[in-house]
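2 protein chains.
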Amino acid sequence: MKARVYVMLKNGVLDPQGEAVRHALGALGFDGVEGVRQGKVIELDLAEGTTEETVKEMCEKLLANTVIESYKVELSA
Amino acid sequence: MKARVYVMLKNGVLDPQGEAVRHALGALGFDGVEGVRQGKVIELDLAEGTTEETVKEMCEKLLANTVIESYKVELSA
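Protein sequence lines correspond, in order, to chains A and B. Numbering of the first sequence is given in our numbering, commencing with residue 1 and proceeding in unit increments. Numbering of the second sequence is given in our numbering, commencing with residue 101 and proceeding in unit increments.
Be aware that one or more of the hints could be misleading.
Here are some of the chain B residues that sit facing chain A, going by a computed Cβ distance under 7 Å [to be verified]:
(1) Arg104
(2) Tyr106
(3) Leu109
(4) His123
(5) Gly126
(6) Leu128
(7) Gly129
(8) Gly135
(9) Ile142
(10) Asp145
(11) Leu146
(12) Ala147
(13) Glu169
(14) Val173
For lysine-lysine, the following DSS-like pairs were computed, each having C-alpha atoms within a straight-line distance of at most 30 Å [what the hints assert, rightly or not]:
(15) Lys2/A <-> Lys72/A
(16) Lys40/A <-> Lys161/B
(17) Lys2/A <-> Lys172/B
(18) Lys72/A <-> Lys156/B
(19) Lys2/A <-> Lys140/B
(20) Lys102/B <-> Lys72/A
(21) Lys172/B <-> Lys56/A
(22) Lys140/B <-> Lys61/A
(23) Lys61/A <-> Lys172/B
(24) Lys10/A <-> Lys61/A
(25) Lys56/A <-> Lys40/A
(26) Lys110/B <-> Lys61/A
(27) Lys156/B <-> Lys110/B
(28) Lys2/A <-> Lys61/A
(29) Lys40/A <-> Lys156/B
(30) Lys110/B <-> Lys2/A
(31) Lys172/B <-> Lys102/B
(32) Lys10/A <-> Lys161/B
(33) Lys61/A <-> Lys156/B
(34) Lys72/A <-> Lys161/B
(35) Lys61/A <-> Lys161/B
(36) Lys40/A <-> Lys172/B
(37) Lys40/A <-> Lys140/B
(38) Lys140/B <-> Lys10/A
(39) Lys56/A <-> Lys161/B
(40) Lys40/A <-> Lys2/A
Derived from the structure by calculation, the hints contain no laboratory data. The structure presented is a predicted model; accordingly, all values stated were derived computationally and were not measured. Glycine included, C-beta positions come from ideal geometry on N, C-alpha and C.
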């Protein structure tokens, strides 16, 4: 089975990487880019029967820094 | 309007970051993690009326390295 974890910086946390992308898009001539936030996607290939709770535990312990980042878990068969 | 861009390494391209995560999960006692791939999510805040074509152009020109990465665009209102 597969799981996808999305890790994004929480609102209010400064995102210099996203800011750099926004600036670069402007420099390339793309107008109207008002904001950019950059995060991570982690695709996990897991043994059958792994529960969402286990994946959330992985997030809490390793994948996300919950002080500044939020995460979302999506399981698929 | 908002757009989300997912950028992942293409299959066959070595992903040392994902490999490191897989190893670390094993070390933390999570069994059955067979593979991990890590990619990027980029959330864009765009002017109304920006087309999917424009966002794809952003990907081709800046957001993804299309030699080794593939991308997916999702628009929402």
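Hints, verified against the model:
1. Arg104: At about 9 Å, which exceeds the 7 Å cut-off, the nearest Cβ of chain A leaves the hint on Arg104/B violated.
2. Tyr106: Holds, about 6 Å.
3. Leu109: violated, 10 Å
4. His123: Hint on His123/B: violated, closest Cβ of chain A at ~11 Å, above 7 Å.
5. Gly126: violated, 11 Å
6. Leu128: holds, 6 Å
7. Gly129: With a minimum Cβ separation of about 9 Å from chain A (threshold 7 Å), the hint on Gly129/B is violated.
8. Gly135: holds, 4 Å
9. Ile142: holds, 5 Å
10. Asp145: holds, 4 Å
11. Leu146: holds, 6 Å
12. Ala147: OK, holds: Ala147/B within 7 Å of chain A, min 3 Å.
13. Glu169: This interface hint is violated because 12 Å lies over the 7 Å limit.
14. Val173: violated, 14 Å
15. Lys2/A <-> Lys72/A: Given pair Lys2/A, Lys72/A holds - Cα atoms ~14 Å apart, limit 30 Å.
16. Lys40/A <-> Lys161/B: Within the cut-off at roughly 20 Å; holds.
17. Lys2/A <-> Lys172/B: Distance of about 18 Å is within 30 Å: holds.
18. Lys72/A <-> Lys156/B: holds, 25 Å
19. Lys2/A <-> Lys140/B: Satisfied, since the Cα-Cα distance of roughly 17 Å is no more than 30 Å.
20. Lys102/B <-> Lys72/A: Distance of about 18 Å is within 30 Å: holds.
21. Lys172/B <-> Lys56/A: holds, 25 Å
22. Lys140/B <-> Lys61/A: This hinted pair holds, its Cα atoms lying about 20 Å apart.
23. Lys61/A <-> Lys172/B: holds, 29 Å
24. Lys10/A <-> Lys61/A: holds, 17 Å
25. Lys56/A <-> Lys40/A: Holds, because 15 Å separates the two Cα atoms, which is no more than 30 Å.
26. Lys110/B <-> Lys61/A: Given pair Lys110/B, Lys61/A holds - Cα atoms ~27 Å apart, limit 30 Å.
27. Lys156/B <-> Lys110/B: Holds, at roughly 17 Å.
28. Lys2/A <-> Lys61/A: holds, 19 Å
29. Lys40/A <-> Lys156/B: It holds: about 19 Å lies between the C-alpha atoms, which stays within 30 Å.
30. Lys110/B <-> Lys2/A: Within the cut-off at roughly 17 Å; holds.
31. Lys172/B <-> Lys102/B: Given that 30 Å is the threshold and the Cα spacing comes to 14 Å, the pair holds.
32. Lys10/A <-> Lys161/B: The given pair, whose Cα atoms are some 27 Å apart, holds under the 30 Å limit.
33. Lys61/A <-> Lys156/B: violated, 35 Å
34. Lys72/A <-> Lys161/B: holds, 29 Å
35. Lys61/A <-> Lys161/B: violated, 36 Å
36. Lys40/A <-> Lys172/B: Measuring from Cα to Cα gives roughly 14 Å; hence the hint holds.
37. Lys40/A <-> Lys140/B: Roughly 4 Å between the alpha carbons, so the hint for Lys40/A and Lys140/B holds.
38. Lys140/B <-> Lys10/A: holds, 16 Å
39. Lys56/A <-> Lys161/B: violated, 35 Å
40. Lys40/A <-> Lys2/A: holds, 16 Å
Hint compliance for this structure: hints 1, 3, 4, 5, 7, 13, 14, 33, 35 and 39 are broken, all remaining hints hold.
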